[in-house]
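Working from the sequences, and respecting the hints, build out all of it.
4 protein chains.
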Amino acid sequence: MPASYAYLGPEGTFTEVALRTLPETATRELVPYVSVQSALDAVRTGEAEAAFVPIENSVEGGITTTLDELVAGQPLMIYREVLLSITFALLVRPGTKLSDIKTVTAHPAAQPQVRNWLKAHLPDAAWESAASNADGARLVQEGRYDAAFAGEFAAERYGLEVLEADIHDAENAQTRFVLVGRPARPAAPTGADKTSVVLWQRDDHPGGLRDLLGEFATRGVNLMLLQSRPTGAGIGNYCFCIDAEGHISDRRVADALMGLKRSCLQVRYLGSYPRAEVAPADVAALRPGTSDEAFVAAADWVARCQDGRF
Amino acid sequence: MPASYAYLGPEGTFTEVALRTLPETATRELVPYVSVQSALDAVRTGEAEAAFVPIENSVEGGITTTLDELVAGQPLMIYREVLLSITFALLVRPGTKLSDIKTVTAHPAAQPQVRNWLKAHLPDAAWESAASNADGARLVQEGRYDAAFAGEFAAERYGLEVLEADIHDAENAQTRFVLVGRPARPAAPTGADKTSVVLWQRDDHPGGLRDLLGEFATRGVNLMLLQSRPTGAGIGNYCFCIDAEGHISDRRVADALMGLKRSCLQVRYLGSYPRAEVAPADVAALRPGTSDEAFVAAADWVARCQDGRF
Amino acid sequence: MPASYAYLGPEGTFTEVALRTLPETATRELVPYVSVQSALDAVRTGEAEAAFVPIENSVEGGITTTLDELVAGQPLMIYREVLLSITFALLVRPGTKLSDIKTVTAHPAAQPQVRNWLKAHLPDAAWESAASNADGARLVQEGRYDAAFAGEFAAERYGLEVLEADIHDAENAQTRFVLVGRPARPAAPTGADKTSVVLWQRDDHPGGLRDLLGEFATRGVNLMLLQSRPTGAGIGNYCFCIDAEGHISDRRVADALMGLKRSCLQVRYLGSYPRAEVAPADVAALRPGTSDEAFVAAADWVARCQDGRF
Amino acid sequence: MPASYAYLGPEGTFTEVALRTLPETATRELVPYVSVQSALDAVRTGEAEAAFVPIENSVEGGITTTLDELVAGQPLMIYREVLLSITFALLVRPGTKLSDIKTVTAHPAAQPQVRNWLKAHLPDAAWESAASNADGARLVQEGRYDAAFAGEFAAERYGLEVLEADIHDAENAQTRFVLVGRPARPAAPTGADKTSVVLWQRDDHPGGLRDLLGEFATRGVNLMLLQSRPTGAGIGNYCFCIDAEGHISDRRVADALMGLKRSCLQVRYLGSYPRAEVAPADVAALRPGTSDEAFVAAADWVARCQDGRF
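Protein chains in written order, with our numbering: chain E, 1 to 310; chain F, 311 to 620; chain P, 621 to 930; chain W, 931 to 1240.
A few of these clues could be false.
[Claimed, not checked] One-sided and incomplete, this derived list gives chain P residues near chain W with beta-carbon spacing under 10 angstroms:
1. 679
2. 793
3. 863
In case anyone wonders, no lab produced these hints; they're calculated from the structure. For every residue, glycine included, the Cβ atom is placed at its ideal position computed from N, Cα and C.
Here it is, written out as structure tokens:
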């Protein structure tokens, strides 16, 4: 029985397209799930080896469903990330003209990316939410709605026609997906890595969050994402999902995590994995004193001082 | 023609209930709008005096639609906030029994708050999203679905029966609503106020966000909300919606805002208004050196030094 | 009666040489005093318009006598600074040879600068402290000691011969002198200015001093001197004499001083005056957001927000 | 041959009195040296096991001669500190009356502590500096001066009479002495310890020193002394002598030292030793997250994350 990867279905969505960019999918069974929650539960129960879900997009920001699933429950770990450029096509049944369209559908997440196009070209069309973009396409195929916004690749699957391609309100619209599995030793650093953690503050005082971010800053670790999520303890109570540059095996990252572990009420490690958007050669130079060598030399120096050999 | 308040409709939702807690609604026409965007647009165009929309809830965190509307476009200002405890009732047509329920509906935002209850009591019911909880109730009235999650107050309006009341996965589930208008002089401070701003970082370097938060921390200003939102400039580009304790007419807050204005690429002021959750008497004591008197004395001292009178 | 400048005497010392570099000394009576204390007292009593005293040298650091006089007592203000390169000559009565020298004298402050030379050339000579270098030269003239270290310019005045010139252990040995008067409006900024203050911490906790220095750092104000001095309240109790780049009429400096005034137990302003070591053209560029324009724009923006005009 | 302790002589000074409070002096030969430099050189050459020298007093602050010797040259280490309250006696030849006194002598360091007394009781007496207070007493014995300020204990040794005892301008005048030896493993922590280091900044930028002090602050390590000393690289170039609470075997101190080692151009460790002024029971409580246990737990957690066991 081949190992399987769960993913946020249905088939024919951007998620599947992104997932298939991972070479190892050639040897995995790819199983669509109806929700992020169910895909991640499949990992937690052992039904799937890993799950592939969207975690951030350039229009909506952090995907809160995914973040909330990672923040709570049995620990999971991010192994990989994939960035996919997102543009929509307007799909219709063959023969439909723009002027025929009275209803359009898509997943609600598509709305911000097509809003302006709609206002300009179909100001009077009624919007109907679909469970997914692929599902919207299916509903058009079935005749329930007149047009669907979906990835161009969905046209063929559902026997639809592309009336307009490359629709995107925001330039550089992208979605970031992650491959999530059960905790294990993170893959070796590549030189262009990212580490994800969740922080819960110990208490709330002026400067509390500033000081936590200082644990990264003083080690020269840049932040790439800071997303607050409710802790469930009532309004105004947040934890922080953070992506930081570097790998947990980088001394500066490990040292920052130790500082956070001491200063926070709780820290959840979500993994260290290669950055999708940048090659090792293009990673910004480290600030002086934050290389592994500097950390090793400093630890060695303190050990010699402790021994009186200085 | 009376001034009107736009609100996120339809009628019979939590939003309307929260809005009616404001005394001035007695003399306003309250007009439901189909979306946060359209309600805020009504303010921008002058069609409405103000709009009342949800901005944060204890389960979902910041309401991104509202935040994104405040972050971009013609400037708006928050005048008031209202906190409402949210619990759901399961509404059915009279006579329906729990075992009869095959389909349930509600606005997607209700889902995290009823998820566990559903799993426990209606594990096999199909979930159908509604445009609003009130709309879900209407669809149950019309016979399209078997049951709706909505505020108990919606039962009467739609001729439904409360099969189960007070459903809430999270204790202390609350939603925060804001009354938003065009920019004007903020109301005078009450002693328990909140100031909302949006920050765009000038550049991205280790410690950048830490230093911005330091502008609050060094003036003893506590943060109550930090919510990142995409700037639209591509994935990983965020601005930060921040709620800070205090009023812009408090010197420590004004001083922090000046520091941010200098340090940030851009700052958008979203208003200073009374805090809903705390009375002036219960506000935490100021840190020494951060009272208005301390600021005035310090400014006076520097002026005397500049004049040689010290 | 011409205005007089007190200076640390006697005549014929480096102090007098440095003082005479100030053009206005041409129209002042220059009066030597026996100590820094008495020279500054002459200013405090009105006997002298100003006093000229050493405040820092490259070998000894801050001149504690001067700092302590500025820190305590009736407030004084620094108007000018002068930097003088210090090298010593070995002065002897005409005819004395190196091998004749059994005793050498100078002010104790000269010792660190001639120590190595003495060890190399006169290892067996006995050192005798003099009240000043000029006084040492006088004692050699009188035959009490064999040789004196003093400025080369002292030879002529005391009828001595230069046996060796340009003696200095440390390259770039310099002394910084200040012209001190009663408080008045500081001279206009030149573009290369320095501001001196004394800080007393409100309390002592981890990070206390770090946070005070942060008042400068967050406004992009560089520090040029940080010298701790006992407060007189017992061992371990210190105040901090600080020289910072910029003029009190620079907004970033004024703002930092206001922050310090609020955060400190006490701040004493000691003046803003032109930097001796650097021309305006060579001053480092300001950090973005710390120019006067940035401060004015930020204050204006906050005022507009307070007025609702944004 | 018994091991010997060098100390700043001559015999009969406060230094010797302080030294004799150390129990181990009973089994050591105590050898006076003419200067701090020569006493420390005796340690460096192996001539003495350790040297005992003043390092800080409540009137003058850090003793710069001692600090400069520790900062430069072959590394030394502080093993112990002793605090001694300093009050002066006015010593005269038997029979001398106050009105007979025309000249007084003492080491220049005594001057600030007797200045006010002199002004009040002997305003016309001439001050003559002595190489030490004991030496001043000797010169009075020999008839060269009329009176000497010295420790009361010096009267007997030099056959003098105490004309006035307990003279001190500053209440709580104290001098701190240190026992300095060659580097070795520091003594075990007592629970009330102090760690001394010297820091050289890597470069000079706004916030540079603030960030270095932050290495202590973020680990909850309080500073007890910060004394700048010239580096010898020209005026305005300073290193910083720092005393911090805690022992190098305390994890928070070791961690701060590692941070400094990475961030500084250079760090010199000067030892960890028991605090003289406070008992372990009276040491302030640690900030949460800075105990050894917190450090060990954090390091263990990071190791488990690195291994995938979380």
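For each hint, the structure was consulted:
About 6 angstroms separates the beta-carbon of residue 679 (chain P) from the nearest beta-carbon of chain W, less than 10 angstroms, and the hint is met. For the restraint placing residue 793 (chain P) at the interface with chain W, the shortest Cβ-Cβ distance is roughly 8 angstroms, inside the 10 angstroms limit, so the hint holds. Interface hint at residue 863 (chain P): satisfied, since its Cβ lies 9 angstroms from the closest Cβ of chain W, which is below the 10 angstroms cut-off.
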